[in-house]
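Participant: Each chain is listed here by its residues.
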Amino acid sequence: MKAKNFLVLLISMSLLSGCMQHTSVEENAIIQMAGYDKGENKRIRGTMLIPQYGSSESKSATSEVYLTANGDGVKEVEKEIQKQSSKPISIGKLSVTLYSKELAEGGISDIIDILSRDPRMSRNMYLGIVDGEAIDLIESQYPQEDTTYKQLEDLIKNNARFNFPMTNLHDFLYSYYAQGMDAFLPLITKKEANVELSGLAFFKGGTVVSTIPDSNVFTYKMLNENFKRGMQNIPYKDGTIMLDNIGSSVEYELKNGLGEPKFDIRVNIKAEVNEMVGVDREANPSLMKELEEVSVEFFETNANELIQMFKEKEIDPLGLGNFAKTRKRDFDLTKWKDNYSDLKVNVKVNVEITEYGIFS
Amino acid sequence: MWKWKRKEKSSTEQTQQKSNQKKSLTEFIQSLQKSEDFIRYSLGGEECTVYYIKTMSDSKILNRSVLPILNDETFQSLEGIKQHIPVENMTVTEDITLIQEKVMFGYIMVQLHHSAQEVLLIPAVSLESRSVSIPEVEFSVVGPKEAFVENINTNINLIRKRMPLPQLTIKELKIGKVTKSRVAVIFLDGVVDPENVETVTQRLKDIEYDQIIDSSFITQIIDDNSNSPFPQFLDTERPDRVVSNLIEGKVAIMVDGAPHALTCPTTVVELFGASDDYFLPWHLATVFRLIRLFAVIFSVLSTPLYVAVLTYHHEMIPGELMATIVSSRSDIPFSPILEVIVLELTIELLREAGARLPTKIGQTIGIVGGIVIGTAAVDAGLTSNVLLIIVALSALASFTTPIYQIGNTIRLIRFPFIIGAQMWGLIGVSMCMVFLSAI
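In order, the protein sequence lines correspond to chains A and B.
Here the first sequence stands for residues 1 to 360, where the numbers follow our numbering.
Here the second sequence stands for residues 1 to 439, where the numbers follow our numbering.
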């Protein structure tokens, strides 16, 4: 009886598996990069990049195909794009998704919702906000050897090891859904022959409300996470010095309970001085003391400005509310939000210059 | 674990067989006389007759020790002859079964005319066998280089000389209705679990089969689960390995005529252990054994994963590999499964052809087949480069197993995995894995 049941199961499974649609990799249009812009009449315009791999003899001749369609939502764009493609489109390999700043300022919560629902999407996917039109950025050919999607993916991935904070779909969705926390994404700008990361865009819910230039990104990353690399130039008298970070750590402390909360943010930076431009002095320990003081002042002013801006825009990308929520049991989100603009945040930076080389 | 599968045959059947065999001595002699190599002649005026099989008996013993004494004197009884002939272990008997067995094995039979039923059996066995040589299947660079031969006495000698202990016990059985093969059950008394010895001897006794040509016949008859593709006995040609297994408390089975010993019970991991492992320092041996285990997993899973990933789960291909795989696949007219099956069958074909051919030609076939067919298939656009590498590597990996039998198992179980991968993707592969661990 057991054997009979097993046989019936096996046969039915084999037969049913015949109904399954399957196509080999090369018969799919594998979307590697997608960009969304604001279209006409409140619709969105999606642009998908599909790499065309050459045959085995001409491996280097990888070209790209761009398909563009309008739709009310992401899925409709997908449907419209399918109509233009001879192969079934597959979005599982999507590695970079870009949204134009214009679209993001109008709110992209619907799109974010799709991102969190579709199980085929990789949590390692990179997201970005384009300063300009996403379609322009995607459809330009860049003189570098890599394909466009690879270049953008590596651009975001590598910079996350330096000045830019880590952002992928997982991190984004975490801060998007977490209570007392807001999301941020890197801001990407198309230059004439290249693309560059030009700053960060901060969200309030699903809407971009503010951006910072790349000169402030180091300060933000320093407040946001521990990291080991990255560089920051600091004005000193007439010239500038270049601090090369070799280890920065950050600590939050919530004081006074929830009644009158006060945050202490302590940052410890160990850095080397790489370069001094326009500084006409001999490098010695006493100068370094001076430089340390200048850097502390620079970082503290910058950080306070940033936090002031967050308070004005009522956003919390550092997740201070989330920090308080996880530590205090009677945390009340609405009350927290009401009092957020009065929150006292005290940033204390400690810079230690470990090496300054030999300057004469 | 040890299930008593084969029940003992009813005793009435056995006694019946015995009575059938019980022919008279004359009948036995008559049936033997049809063969040209059966010699019979009388000495001293029909007083005394000598019978033997020329091709089985040692003529030196006959000429030097038996014939001179029989010619010189006249004896009244077999016991008298027995006392005069300087050969050990002679028997006087009437038992026709024993007589038949011994004569067929090369004993010289002496019959005094007046006591027709009783005969004297003089051992003069001459057996042809090759000498001990180096192990070919389980070769190891370091360590002893002796392998078992077909002669069971030599084989037991190889074991005993490594373990001069009174506790080393050897039980002998005769199995096979026609071949009457000598089967020895060897164990180290006091170390071995007596229940295992009991089980093995019981199952061996219950075997009813015409021919036991090799030890592999025994594995197939007495194993726990005959439907499992995995070997349940460790089959080895190295005496040192048998000895170390005996010391671990295992039971060894040896068959006369088989250059391989079986040891049991055995575990799967043991089947992947080479004797080299014990001759090397522990860190090296551990790494090598892990490499071997990895090779086995790679060999079983690589092509099924190729099929599953390319057919169902493109998302799993890393971005860097995507271009390589897609561009090598783009000219191929077949689906991944067809491509894989064609190539795997080609490899199996080469292997089978190589195994059946003489060594010299076999090597040539391997090289010619591997290089020519492989490159030609890729050039013709029948298979992709990537797959060719995967299949070749997995074939190579399946050769790393030190025990030949488990290598065959790995060769076989890959195919259900490939079919599972095609039908249900990665779920199919994991289902096959579950089934595999169930059998």
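Derived by calculation from the structure, the hints in this document are not laboratory data.
Among the clues, some could well be false.
Cβ pair distances, simulated, as ranges [claimed, not checked]:
| no. | chain 1 | residue 1 | chain 2 | residue 2 | range |
| --- | --- | --- | --- | --- | --- |
| 1 | A | R120 | B | L345 | 31 to 37 Å |
| 2 | B | I291 | A | R123 | 30 to 36 Å |
| 3 | B | P333 | A | Y142 | 31 to 37 Å |
| 4 | B | K205 | A | L10 | 44 to 50 Å |
| 5 | A | S249 | B | W282 | 51 to 57 Å |
| 6 | A | S14 | B | E248 | 42 to 48 Å |
| 7 | A | E64 | B | T375 | 28 to 34 Å |
| 8 | B | L338 | A | E192 | 46 to 52 Å |
| 9 | B | W282 | A | D330 | 54 to 60 Å |
To list a few chain B residues with every Cβ distance to chain A over 12 Å, as calculated [said to hold, decoys possible]:
| no. | residue |
| --- | --- |
| 10 | L70 |
| 11 | M104 |
| 12 | R130 |
| 13 | Y209 |
| 14 | I213 |
| 15 | H313 |
| 16 | H314 |
| 17 | P336 |
| 18 | E339 |
| 19 | W424 |
| 20 | I427 |
Just a sample of chain A residues kept apart from chain B, beta carbon distances all over 12 Å, derived [said to hold, decoys possible]:
| no. | residue |
| --- | --- |
| 21 | M20 |
| 22 | E27 |
| 23 | G54 |
| 24 | I91 |
| 25 | Y149 |
| 26 | K150 |
| 27 | V209 |
| 28 | K255 |
| 29 | V279 |
Here the structure is a predicted model, which means the values were calculated and not measured.
Note that CB positions come from ideal geometry on N, CA and C, so glycine has one too.
Participant: I'd like to know which numbered hints this structure contradicts. Please list them from smallest to largest.
Facilitator: 4, 5, 15, 16, 17, 18, 19, 20, 21, 22, 23, 24, 25 and 26
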